[in-house]
Amino acid sequence: IKPEGESYYSGTKFFREGKKFHRIVLNDLIQAGSPDESAETGPGYTFPNEIHPDLRHDRAGILGIVGL
Numbered sequence: 001i002k003p004e005g006e007s008y009y010s011g012t013k014f015f016r017e018g019k020k021f022h023r024i025v026l027n028d029l030i031q032a033g034s035p036d037e038s039a040e041t042g043p044g045y046t047f048p049n050e051i052h053p054d055l056r057h058d059r060a061g062i063l064g065i066v067g068l
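Per full-length UniProt numbering, the very first residue in the sequence shown carries number 1; after that it's consecutive.
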């Protein structure tokens, strides 16, 4: 998975791999990726938000990532 139009992330091992979900909201969202599974820490890097007004989360299989 890589952000649209970006090649920087291609082949990068994301810190989320192998981590547990720390929050699940049925039929809404899942949150994962905290290195220590506390939901309080981050990976040590950030990425820019990609906002496209024409894109929708309107069917199964669509993934969005929040860059806090």
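If you are wondering where the hints come from, they were derived from the structure by calculation, not from laboratory data.
Please read all numbers here as calculations on a predicted model, not as lab measurements.
There's no promise every hint is true.
Derived Cβ-Cβ restraints for the label pairs, each shown as a range [unchecked claim]:
no.: 1; residue 1: LEU26; residue 2: ASP54; range: 17 to 23 Å
no.: 2; residue 1: ASP54; residue 2: LYS20; range: 16 to 22 Å
no.: 3; residue 1: ASP28; residue 2: GLU50; range: 16 to 22 Å
no.: 4; residue 1: VAL66; residue 2: LEU26; range: 25 to 31 Å
no.: 5; residue 1: PRO53; residue 2: LYS20; range: 30 to 36 Å
no.: 6; residue 1: ARG56; residue 2: VAL25; range: 17 to 23 Å
no.: 7; residue 1: HIS52; residue 2: LYS20; range: 28 to 34 Å
no.: 8; residue 1: HIS57; residue 2: HIS22; range: 29 to 35 Å
no.: 9; residue 1: GLN31; residue 2: ALA60; range: 16 to 22 Å
no.: 10; residue 1: ASN49; residue 2: ARG23; range: 27 to 33 Å
Here a beta-carbon is modelled for each residue, glycine too, at the ideal position from N, C-alpha and C.
Checked hints:
In this structure the hint that LEU26 and ASP54 lie 17 to 23 Å apart at CB is violated, the actual value being about 28 Å. Taking the beta carbon of each, ASP54 and LYS20 are about 34 Å apart, not inside 16 to 22 Å as hinted. Our hint of 16 to 22 Å for ASP28 and GLU50 holds, since their Cβ atoms are close to 21 Å apart. Remark: the range hint 25 to 31 Å for VAL66 to LEU26 is contradicted by a beta-carbon distance near 19 Å.
For PRO53 paired with LYS20, a C-beta distance near 33 Å keeps the hint of 30 to 36 Å intact. Range check, ARG56 to VAL25: Cβ separation about 19 Å, and the 17 to 23 Å hint holds. For HIS52 and LYS20, the hinted distance range of 28 to 34 Å is satisfied, since their beta carbons lie about 30 Å from each other. Remark: the range hint 29 to 35 Å for HIS57 to HIS22 is contradicted by a beta-carbon distance near 21 Å.
Separation of GLN31 from ALA60 is about 19 Å and conforms to the stated range, judged on CB atoms against 16 to 22 Å. Taking 27 to 33 Å as the suggested C-beta distance range, the pair ASN49 and ARG23 does not conform, at roughly 20 Å.
Of the numbered hints given earlier, the model fails hints 1, 2, 4, 8, 10; all others are met.
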